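If you read the sequences in order, they're chains A and B. Counted from 1, the first sequence has number 181 at position 181 by my numbering; the numbering is strictly sequential. Every number in my numbering is 1000 more than the matching position in the second sequence, counting from 1.
Be a bit skeptical, because a hint or two may be false.
Straight-line distance between alpha carbons at most 27 angstroms, and here's what the computed DSSO-like set of lysine-lysine pairs gives [as the list claims (entries may be wrong)]:
(1) B:Lys1065 with B:Lys1109
(2) B:Lys1139 with B:Lys1127
(3) B:Lys1065 with B:Lys1176
(4) B:Lys1139 with A:Lys205
(5) B:Lys1109 with B:Lys1139
(6) A:Lys205 with B:Lys1109
Computed footprint of chain B on chain A, listed as stretches where at least three residues anywhere in the stretch have a Cβ under 8 angstroms from a Cβ of chain B [claimed, not checked]:
(7) 146-159
(8) 238-248
Simulated from the structure, these hints should not be mistaken for laboratory data. Predicted model only: the values in this text are computed from it and were never measured. A virtual CB, placed ideally from N, CA and C, is assigned to each residue, including glycine.
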Amino acid sequence: MKADWKKAFRAEKDDSPSDGSESLRAIALDAAGPVAPTSSTRLIILRRLARDRMAIVAVGIIMIIVGFCYFGPLFWHLSPDATDPLSLVAAPSLHHPLGTDDVGRDVLARLMVGGRISLQVGIIAGLLGTVIGVAYGSVSGYVGGIVDAAMMRIVDAVISIPVLVLLILLSAVIRPNQVLLIVVIALTSWLIPARLIRAEALSLKHREYVLASRVMGARSTRTIVSHILPNAVGTIVVNATFQIADAILLIAYLSFLGLGIPPPAATWGGMLSEGMTFLYQDPWWLIYLPGVSIVLVVVSFNYLGDALRDAFDQRTQHGR
Amino acid sequence: MVGEPILEVRDLRTEIRDGARSVLAVDGVSFDVHAGEIVSVVGESGCGKTLTARSIIGLLPPGGKITFGSVRLAGRELVGLPERSLCQVRGNEIGMIFQDPMTSLNPTKRIGDQVAETLRLHWGWDKRRSRERAVEMLKIVEVPSAEERYDAYPHQLSGGMRQRVMIAGALACEPKILIADEPTTALDVTVQAQILSVLDNLRHRLAIGIVLITHDFGVVASLADRVEVMYAARIVEEGPVEDILERRRHPYTDALLRTVPNLHGERAYRLAVIPGRPPDLASPPVGCRFAPRCARVQPACIAQEPELHQVGDDGHRYRCFFPLEGVEIRGTAEREQRE
C-alpha cells in the first residue's frame, strides 16, 4: 500500500522511475554544461575597472605622483632644504627647472619630498580610519539591539565635534609629527565608515548564509569575519579610497594653516601657504605647482573611488 | 523502529515575545527520531514547524525562548546548554539545511571552502585535509566533477547543485541528525526528486536521522517513515506514514490531504481549500484548535481540547474527539477499480 502511495505521488511530481536511476539522471542533467572556468569576484571587478577609462587615468596619475615623490630624488639630487641666496624667487631655469622659493630652495626637490608626507600620512591615516570604522561598525550592526544603539550614539557624539577645531587645538598643544598626524586623522575619520559598515552589517546579518553559518556552529567573530565583511568589501574598498582623498586634503589644510608638520620640512600645503605671499605678483610656480599637485592627487583618488563603486555595483555591470 | 532514539523531543514549548505580546508558537510538541529514520513535520505556514526545528538547534529568532520541555540528542539534554556548548553541537552533531539554497551560500566564498568550514571549525582540520574530505562529501551528494567544482562560486551552480552543497556541508562532520527545513520548496519538481533521492540514500548510507519539515505531502509520501502533523503550534496527529495517509483520523490531516491536487481524481473539480484561517496564537481557542474550521465540529470540541488518542500499537495518535474512521484516499478506489 505504501508503495502505491509513493507511486501515486511520484507520478504527480514527475515521471521518473523510483529506482536508483534518478541519481544518474541527476548527474546527467546538472553536468550537461561544462564546468565553468572559475573566475573570482576579484578578477571580475579588476576587469570591469580596467574597462573604465577614468579609472585608468586616475590610477596612472596616482602612480606617476608616487613615482615622482619617492623615486624622483634618486635622479634629482638638489637638497629640498638647501638655500641658494643668489637666486631667490627665481623663475624656472635649467638649474632650477621649477624655480626657487623666497629663500632660494629648489621647488622641484621640495615638491618631491613634500608629496611624500601628503601621500604616506594620507594613505596610512585613511586606511587606519577605515579599519577602525569597519571593526566598530560591523560589531555594532551585527550585535544590534542596545549595544548597537549605544555604539551609534557615541558615533553621533564624536561626529558632532568639528575636526579642524580639534586639530587646531591639538597642534597648539603638541608639536605635530607624521605619526601623530596619522593617529589624529584616523581617530577622527573612522566615523563615516563605521556608519556605512554598520548599515551593511544590519542588512547582511539577515541573509540566510549568515544563519546557515550559525547553524554550522560558527561563533559571532567568525561569522563577521568570514561572512559579513567579505560581502561588504565593495563598500569598504570604495570608502577607503575616499577616506584617503579626504585625509590628503585635510593634511593640506593643516599645513596651509601652519598646523601640520612644522617647517623647514616641505609639505604641499605649506609650500602653497608660503607661495600665497606672492599671489599678486609674478611667481606662478610657487602657487600653481603645489596647488595642482594637491588637486591632482585628491581628484584622482576620488575618481578611483567612483570607478571602484561602479565596478563593485552589480547593477551597472551590463551598462558598461 | 527499534533501539534508542537519537533525538527525543519532549513536550517542547517555545514562546515568542514581541513587546507585551507573547505567543506560544510551539506548544507541547513531542517526537522521537531514530537512526536512519525520516520523520516529517507537516503543517501549513505559521503552524510552528520551522520554530520547532530552530528550537532543536537552539537558534531562535529575537524574542524566542524555550519555556518548557526537553530536547535530548543521544541522551544529552540540549535545552539550557550555554551558547558555547551549543556552538559545538550545531554543525557537528546536528546539521541543518534550509529552504532556499540560492541564498544560503555565501556568494563570496568558494563552495568547497563552505563545505570544509565545519570541518575546520569543529574538527580543527587543516586546509588540505578538510579539502579532501569536502571533495569526498561533494561526491557523496552526487555533485559531478567534485574536484573542479570545489573552487566554484555559488553563482556558477544551479539551485539543485547548491542544495547538494548545503547538504554536503551539513553532513561533513557526520552529525547524527539532519534537520531539513523545506529543502525542496524552492526547487523545481525534477530537481526536487533528485534532492529527495540524495537524502534517501544518505540516511541509509550514513544512518542519520532526518527531521524533514515540509508542507508538501508528495515529499512526505515519497520519503517519510513517520509523520507529525502540526496545527496551530500543536501536534494534531502523528504516526507511521501509511497510517497518516491511508487511515488518518484527524479532520485536519484529512482536509490537508484533500488540498493536494490529484491527477487521478475526477477530471474537473475545484481545488479543495480549508475554509477560514488558523487561530491567533496569542489567544488560542479553548477547545480543539481546529474546531473553528472543522467541518465535523461538535459542542464538545469547543468546550475542551482533546488529548492525543492512541490507535493500534505503532504509535498512531490523534488529537480529536470525533475522529474519522478508515478514510479512503480520494482517487485510489477508482484507480483500483480501473486496474
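Here's how the hints hold up against the structure:
{"no.": "1", "hint": "B:Lys1065 with B:Lys1109", "verdict": "violated (32 angstroms)"}
{"no.": "2", "hint": "B:Lys1139 with B:Lys1127", "verdict": "holds (18 angstroms)"}
{"no.": "3", "hint": "B:Lys1065 with B:Lys1176", "verdict": "holds (24 angstroms)"}
{"no.": "4", "hint": "B:Lys1139 with A:Lys205", "verdict": "violated (31 angstroms)"}
{"no.": "5", "hint": "B:Lys1109 with B:Lys1139", "verdict": "holds (19 angstroms)"}
{"no.": "6", "hint": "A:Lys205 with B:Lys1109", "verdict": "holds (16 angstroms)"}
{"no.": "7", "hint": "146-159", "verdict": "violated (count 0)"}
{"no.": "8", "hint": "238-248", "verdict": "violated (count 0)"}
Consistency note: the structure conflicts with the earlier hints numbered 1, 4, 7 and 8.
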